[in-house]
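Could you put the whole structure together from the sequences, leaning on the hints where they help?
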Amino acid sequence: MTSSILDKTPSKLLGETIVSHLIKKGLLDSADAQKITPHLVGGTLKEADWKLVLEKSLGMTGGGEKSNA
Amino acid sequence: MLKKLEVEALRGATKKFVLPFEHGKRITIVYGENGAGKSTICDAIEFVCQGTISSLDDRGLGRTEGYWPSTGKTQNDIVVAIEASNGTWVGKFVGAKPKSSPSTGLPFVQVLRRGKVLNFIASQPKNRYDAISPFIDISQIELSEASLRRLLETEQRNRETAITRVTENLAAVENFWKQAGSPGDDGLSWAQIELTKDVAAIKADVAKMEDLVRVMENLARAKGNVDTAAAQVSTAQQTYDAAHNKAETARLSSPEQIAEIVPILEAAQAYFHSHSNPTECPLCTSKEFAPGLTDKVTQQLSSVRIFREAVEQERTSIQSLIFAKQSAESQKAALLTAAKDTAERLQETMPSDITVPPALLESAQAFAATSSLEFAERLKNLSDTFGTSLKTNLDKRKESIGFLDTLKRAVAMHDENLTVATDLAKLIPRISTTLDEVEIVRRGFVDTILGKISTRVGTLYETIHPGEGLNKISLLLDPAKRASLDVRSSFPGTTGAPPPAYFSDSHLDTLGLCIWLALAEMRDPGNTILVLDDIVTSADEPHVERIIELLYEISESFKHCVFTTHYQAWRAKYRWGWIKNGECHFVELLKWEHATGLQLVGSLPPIEELRDLLGKNPPSPQQVCASAGVTLEAILDFITLLYECSVPRRKSNPTLGDLLPSIKAKLRVALKVDRQNIAADGTTTTVTIPLGPLLDELERIAQARNVFGCHFNQIAQHLPETDAIQFATVTLELADNLIDPQVGWPRSDKSGNDWANAKKTRILHPLKQPS
Numbered sequence: 000m001t002s003s004i005l006d007k008t009p010s011k012l013l014g015e016t017i018v019s020h021l022i023k024k025g026l027l028d029s030a031d032a033q034k035i036t037p038h039l040v041g042g043t044l045k046e047a048d049w050k051l052v053l054e055k056s057l058g059m060t061g062g063g064e065k066s067n068a
Numbered sequence: 000m001l002k003k004l005e006v007e008a009l010r011g012a013t014k015k016f017v018l019p020f021e022h023g024k025r026i027t028i029v030y031g032e033n034g035a036g037k038s039t040i041c042d043a044i045e046f047v048c049q050g051t052i053s054s055l056d057d058r059g060l061g062r063t064e065g066y067w068p069s070t071g072k073t074q075n076d077i078v079v080a081i082e083a084s085n086g087t088w089v090g091k092f093v094g095a096k097p098k099s100s101p102s103t104g105l106p107f108v109q110v111l112r113r114g115k116v117l118n119f120i121a122s123q124p125k126n127r128y129d130a131i132s133p134f135i136d137i138s139q140i141e142l143s144e145a146s147l148r149r150l151l152e153t154e155q156r157n158r159e160t161a162i163t164r165v166t167e168n169l170a171a172v173e174n175f176w177k178q179a180g181s182p183g184d185d186g187l188s189w190a191q192i193e194l195t196k197d198v199a200a201i202k203a204d205v206a207k208m209e210d211l212v213r214v215m216e217n218l219a220r221a222k223g224n225v226d227t228a229a230a231q232v233s234t235a236q237q238t239y240d241a242a243h244n245k246a247e248t249a250r251l252s253s254p255e256q257i258a259e260i261v262p263i264l265e266a267a268q269a270y271f272h273s274h275s276n277p278t279e280c281p282l283c284t285s286k287e288f289a290p291g292l293t294d295k296v297t298q299q300l301s302s303v304r305i306f307r308e309a310v311e312q313e314r315t316s317i318q319s320l321i322f323a324k325q326s327a328e329s330q331k332a333a334l335l336t337a338a339k340d341t342a343e344r345l346q347e348t349m350p351s352d353i354t355v356p357p358a359l360l361e362s363a364q365a366f367a368a369t370s371s372l373e374f375a376e377r378l379k380n381l382s383d384t385f386g387t388s389l390k391t392n393l394d395k396r397k398e399s400i401g402f403l404d405t406l407k408r409a410v411a412m413h414d415e416n417l418t419v420a421t422d423l424a425k426l427i428p429r430i431s432t433t434l435d436e437v438e439i440v441r442r443g444f445v446d447t448i449l450g451k452i453s454t455r456v457g458t459l460y461e462t463i464h465p466g467e468g469l470n471k472i473s474l475l476l477d478p479a480k481r482a483s484l485d486v487r488s489s490f491p492g493t494t495g496a497p498p499p500a501y502f503s504d505s506h507l508d509t510l511g512l513c514i515w516l517a518l519a520e521m522r523d524p525g526n527t528i529l530v531l532d533d534i535v536t537s538a539d540e541p542h543v544e545r546i547i548e549l550l551y552e553i554s555e556s557f558k559h560c561v562f563t564t565h566y567q568a569w570r571a572k573y574r575w576g577w578i579k580n581g582e583c584h585f586v587e588l589l590k591w592e593h594a595t596g597l598q599l600v601g602s603l604p605p606i607e608e609l610r611d612l613l614g615k616n617p618p619s620p621q622q623v624c625a626s627a628g629v630t631l632e633a634i635l636d637f638i639t640l641l642y643e644c645s646v647p648r649r650k651s652n653p654t655l656g657d658l659l660p661s662i663k664a665k666l667r668v669a670l671k672v673d674r675q676n677i678a679a680d681g682t683t684t685t686v687t688i689p690l691g692p693l694l695d696e697l698e699r700i701a702q703a704r705n706v707f708g709c710h711f712n713q714i715a716q717h718l719p720e721t722d723a724i725q726f727a728t729v730t731l732e733l734a735d736n737l738i739d740p741q742v743g744w745p746r747s748d749k750s751g752n753d754w755a756n757a758k759k760t761r762i763l764h765p766l767k768q769p770s
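Line order of the protein sequences matches chains A and B.
Counted from 1, the first sequence has number 14 at position 15 by numbering that gives the first Met the number 0; the numbering is strictly sequential.
Counted from 1, the second sequence has number 145 at position 146 by numbering that gives the first Met the number 0; the numbering is strictly sequential.
If you are wondering where the hints come from, they were derived from the structure by calculation, not from laboratory data.
No false leads were slipped in.
Facing chain A, according to a computed beta carbon distance under 10 Å, are these residues of chain B, among others: (1) Ile135; (2) Ile137; (3) Thr153; (4) Thr432; (5) Arg441; (6) Ile448.
So these bits of chain B aren't anywhere near chain A, every CB distance computed over 12 Å: (7) Tyr66; (8) Arg113; (9) Asp204; (10) Val586.
Straight-line Cα separation of at most 25 Å, SDA-like style, residue types lysine to any residue; simulated pairs: (11) Lys11/A - Lys451/B; (12) Lys11/A - Leu105/B; (13) Lys34/A - Ile439/B; (14) Lys55/A - Asp414/B; (15) Lys451/B - His20/A.
Yeah, the Cβ is synthetic: ideal placement off N, Cα and C, and Gly gets one too.
Below you can see the structure in the form of structure tokens.
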């Protein structure tokens, strides 16, 4: 055990893992990965953001509240 | 690796203290009695690298910066410089805060002090979490995850609301449907048909009907105005007639020239106002009529005023009559206009369900043809009844429009809420699945890290306590509590037990150490200076050797390790080369005094001391024999224990006389060392050296040790001093063959064939004493 696991913060490491996992599972559009990751990692991904990207992944027209993503 | 540490005016460093780190040695062991200043060295490294000093924490001092300077010094006097292979950094106070320059590239420091070892296990779960949080703090992700969870809850509520609204909207539509007599199959189908009705056409009819009602109302109003005007003319005529009669009467009773004498009378009245009681007429100067002249003038003026008022009334009344007649004509014209508007509207096309009474229509046509007042009035009279029925019809139409609007809204809301409910029925499972997946990944992430740490802790712990079965360490986050870490372990007969419940203090100590080391290893060890301040004590005696070996092993990961100790056994093991000294730099501190501060003292291992004594010219027989005797006893003690030779050990420590004879002939013949030699160019050669002849020679001249090295003895005068030098020389040769000062003694039988040191630079044969 000679290498550090802290090259990235735990949140960044986990955030990237979650996004790639959701894309792999078809729950997230890969085009949204770059936009969503910083907000997911920074704790600023709001309900409206989640709704927008999940609606997009379902092919539904996202709208309504203003979102970060 | 570190090259040098310079400390000035910090804690125990009352004088400038310099600690040069030995080149190529990753481990520095600082030995010193309690109070020698070991912690000051740790403080200095922490100060320059992190701007903190943790040794004073938890002592009830509050802010401790005021105690960082040496006594008699100030914060501004503190200077700590650390030189490493990749740069030099200097720490000082700048204002009230410590700053290091340059501020970048500083090595990271992990300092573990004795008090913290046990605390890690015994402290609150929250404190343990704080220690481990740099590796598992995913609070930001949890915030985003909470948003997703809230979204799920919100949308579930929204869907329930939408479904409720759909039911309500449907009930409203069905209510309308029932009011309409429940035509068709169901309310919604009926409503859809109803909404196809041309509301615009209805609205256009309404507009047309409203216009007709408006002109008919204008007509009625105009007729009323004409009647009123006629009555006003009649009244004005009567007023005028009366005024005219009165004026005519006044004219007859007044002189003809009344109009001409009025100014004369008014002038006389003005004159008499300032000349009252005249004695003669101011015109004819007659005195005859002078008395009562003033009253007569006044009387005549009064008669004139009555006349004038009658004339004025006649004049105004005729004006009123003229105005009334003009107004009556104007109203008649308005009536004709209103009648014209009405007649035109009545002749236009009406909504299909509206029928204009024929008489009314004829009247309209007649008016249109004549534009006479008579037909206008007739038109008005006939339109009254029709107007009432028209208004009723109009109200029904308006009501119909309102109903359709309400029905439209109800159906639109129903459709809208149905769409929302349908969309959410699709979205909610996606949110739920996403949340499940995020939770799975998040839990897996934390479990993996905790698992890695737990496994590493278990491995480290097993190294110190091999075979005790206490290495099943679990680090668990309490899901019911925020930022809370539990430590659990298996213990014979139970699992998942908190270690403090079953472990001895010694075991808890090493467990705390292992957790701390495992965490330190995970945090950029290549750029970390690992500082252990006096964490090994005599309390750890049963496992101290393994702890030290463990520290040596893990040190390979770190940039540099500084271990301080007051534990004499560690010093002895280093001095005798019983541990891997090759990577280790050992320094000793003298007892601290305020006047001198921290002081290093030279410390030679016994074998090097013997070599040093033998190198002197001439060597002292007494000194070399004394030194060689101790070294030889250490070697023989090692060999006899290794081969389980029969040595009397009960009463006291065995001496040379006990140890040498216990190595029997068969073993002596078999004892050989494969010694690895490294040439200057790095090439290695191995030679096999039999130890038997060396032991035989030492036994032959063993008395030299006591004769020269231990006691005053007259025999010494009869023994050649060459025996003393030979005793020391052969002992050193035996030591050099058996012990590699960099790697240590051949004490490992892992190969199953022989005894070897860590790097196999010395391999001792045989494995067992020959039978």
